[in-house]
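Residue numbers (our numbering), protein chains in the order written: chain A, 1 to 154; chain B, 1 to 74.
Keep in mind that the hints were calculated from the coordinates and are not lab data. Mixed in with the good hints, there may be bad ones.
[Claimed, not checked] No more than 30 Å apart at the CA atoms, straight line, and that leaves these computed lysine-lysine pairs for DSSO-like:
#1 A:K6 / B:K43
#2 A:K91 / A:K6
#3 B:K28 / A:K68
#4 A:K91 / B:K43
#5 B:K69 / B:K28
#6 A:K68 / B:K43
#7 B:K43 / B:K28
#8 B:K28 / A:K6
#9 B:K69 / B:K43
#10 B:K70 / B:K43
#11 A:K6 / A:K68
[Said to hold, decoys possible] Short derived list, chain A residues pointing at chain B, Cβ under 10 Å:
#12 M1
#13 S2
#14 F3
#15 C47
#16 D71
#17 T72
#18 P74
#19 D75
#20 E76
#21 Q80
#22 E82
#23 M152
#24 T153
All residues carry an ideal CB built from backbone N, CA and C; glycine is no exception.
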Amino acid sequence: MSFREKNAWIAVLTTLAVWIYYFAAFWIDVFGRQLDGNQVLTRFLICMGISLVVMVGLNIATGVMTPKNIDTPPDELERQIEARADRIGFKLLEALVPLGLIGGLLATDTIRTAFPADPAGSVALIFANGILMAFVLTEVVRETVHIVSFRMTA
Amino acid sequence: MAPPPISNTIRRLRFDHGEMTQQELADKIGMTRQTVAAIEQNKYSPSLEAAFRIAEVFGVEIGQVFQWKKAAAE
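Please model the entire structure based on the sequences and the hints provided.
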């Protein structure tokens with residue numbers, strides 16, 4: 001398995017583990033009508049921190065095990081796979097962001113009614129997390145394309 | 001995905017050059033071992049530049065490394 005494929009596995013597994021927890025907790029709060037901005041922000045920062053530490057740590061560990069791969073620039077096959085993953089990821093993001101925004105705009109009144117204590121804050125939180133979810137999903141798909149492409153040529 | 005209609009003799013050429021490993025060939029042409037393996041197994045068609053580099057390593061013409069499979073292409 002190449003160094004870049006290992007990076008892709010690390011990114012997918014870490015992202016899935018950390019952000020599935022984050023978004024599950026967030027949407028449970030939303031549907032349970034218990035949205036607390038401070039709690040969401042704290043949870044977001046913790047998840048972001050864990051995600052960064054685990055990914056950087058595992059990538060360094062992988063690099064130490066195969067030191068000569070760290071500085072090696074990607075070869076033509078790796079660049080081709082990278083370009084394919086970027087293209088698919090960008091197309092997905094292009095579709096998800098407008099969908100999320102339109103869906104959010106259509107649901108604004110419902111959200112305001114559901115959270116009478118802080119309607120504006122709740123709408124902003126749900127919008128922000130919807131966009132964040134689109135970015136995380138795009139990243140998972142992008143890295144999965146890497147893995148599938150590497151496996152197809154292995 | 002159908003394999004490209006190109007065959008190659010890289011395995012044979014490596015054998016003829018003192019059992020050169022895929023890693024050694026990869027280092028000589030600036031690629032990863034995994035990419036060399038993909039080329040050798042006909043799962044990836046290299047660029048023209050990479051093909052010339054491979055031929056140069058073995059000191060042969062490019063046509064002796066890669067062959068166009070006419071029947072498969074038609």
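Verification of the supplied hints:
1. For a cut-off of 30 Å, the pair hint linking K6 (chain A) to K43 (chain B) stands: about 20 Å separates their Cα positions.
2. At most 30 Å may separate the alpha-carbon atoms for a hinted pair to count; K91 (chain A) and K6 (chain A) meet this at roughly 24 Å.
3. Using a Cα cut-off of 30 Å, the hinted pair K28 (chain B) and K68 (chain A) holds, with the two alpha carbons roughly 14 Å apart.
4. For the given pair, K91 (chain A) sits about 26 Å from K43 (chain B) by alpha-carbon distance, which is consistent with the 30 Å threshold.
5. Between K69 (chain B) and K28 (chain B), the direct Cα distance comes to roughly 27 Å. Compliance with the 30 Å bound is thereby established for this hinted pair.
6. Our distance criterion of 30 Å between C-alpha atoms is met by K68 (chain A) and K43 (chain B), whose separation comes to about 25 Å.
7. In summary, the hint linking K43 (chain B) to K28 (chain B) is supported, as the alpha carbons are separated by about 20 Å, within the 30 Å threshold.
8. For the hint linking K28 (chain B) to K6 (chain A), the alpha-carbon distance of about 23 Å falls within 30 Å, and the restraint holds.
9. For the proposed pair K69 (chain B) and K43 (chain B), the alpha carbon gap of about 14 Å is at most 30 Å, so the pair holds.
10. Using a Cα cut-off of 30 Å, the hinted pair K70 (chain B) and K43 (chain B) holds, with the two alpha carbons roughly 18 Å apart.
11. Annotation: proposed proximity of K6 (chain A) to K68 (chain A) holds, straight-line Cα distance about 15 Å (limit 30 Å).
12. With its C-beta approaching chain B no nearer than about 8 Å, M1 (chain A) sits inside the 10 Å limit, and its interface hint holds.
13. Contact between S2 (chain A) and chain B, as hinted, is supported at the beta carbon level, the nearest pair being about 4 Å apart and thus within 10 Å.
14. Because the closest C-beta pair between F3 (chain A) and chain B is about 8 Å apart, less than 10 Å, the hint holds.
15. Here the hint on C47 (chain A) is broken, as its CB sits about 32 Å from the closest CB of chain B, past 10 Å.
16. The restraint placing D71 (chain A) at the interface with chain B is violated, with a minimum CB-CB distance near 12 Å, outside the 10 Å limit.
17. Taken as an interface hint, T72 (chain A) checks out: its beta carbon lies about 7 Å from the nearest beta carbon of chain B, inside 10 Å.
18. Because the smallest distance between the Cβ of P74 (chain A) and any Cβ of chain B comes to about 8 Å, under 10 Å, the interface hint for this residue holds.
19. A cut of 10 Å between beta carbons decides the hint on D75 (chain A): the least distance to chain B is about 4 Å, and the hint holds.
20. Against a cut-off of 10 Å between C-beta atoms, the interface hint on E76 (chain A) holds, since the closest Cβ of chain B lies about 5 Å away.
21. Hint status for Q80 (chain A): holds, given a least beta-carbon distance of 8 Å to chain B, under 10 Å.
22. For E82 (chain A), the interface hint is violated, the least distance from its beta-carbon to any beta-carbon of chain B being 13 Å, above 10 Å.
23. Of the supplied interface hints, the one on M152 (chain A) holds, with its beta-carbon coming within about 7 Å of a beta-carbon of chain B, less than 10 Å.
24. Interface hint at T153 (chain A): satisfied, since its Cβ lies 4 Å from the closest Cβ of chain B, which is below the 10 Å cut-off.
Hint violations for this structure: numbers 15, 16, 22, all remaining hints satisfied.
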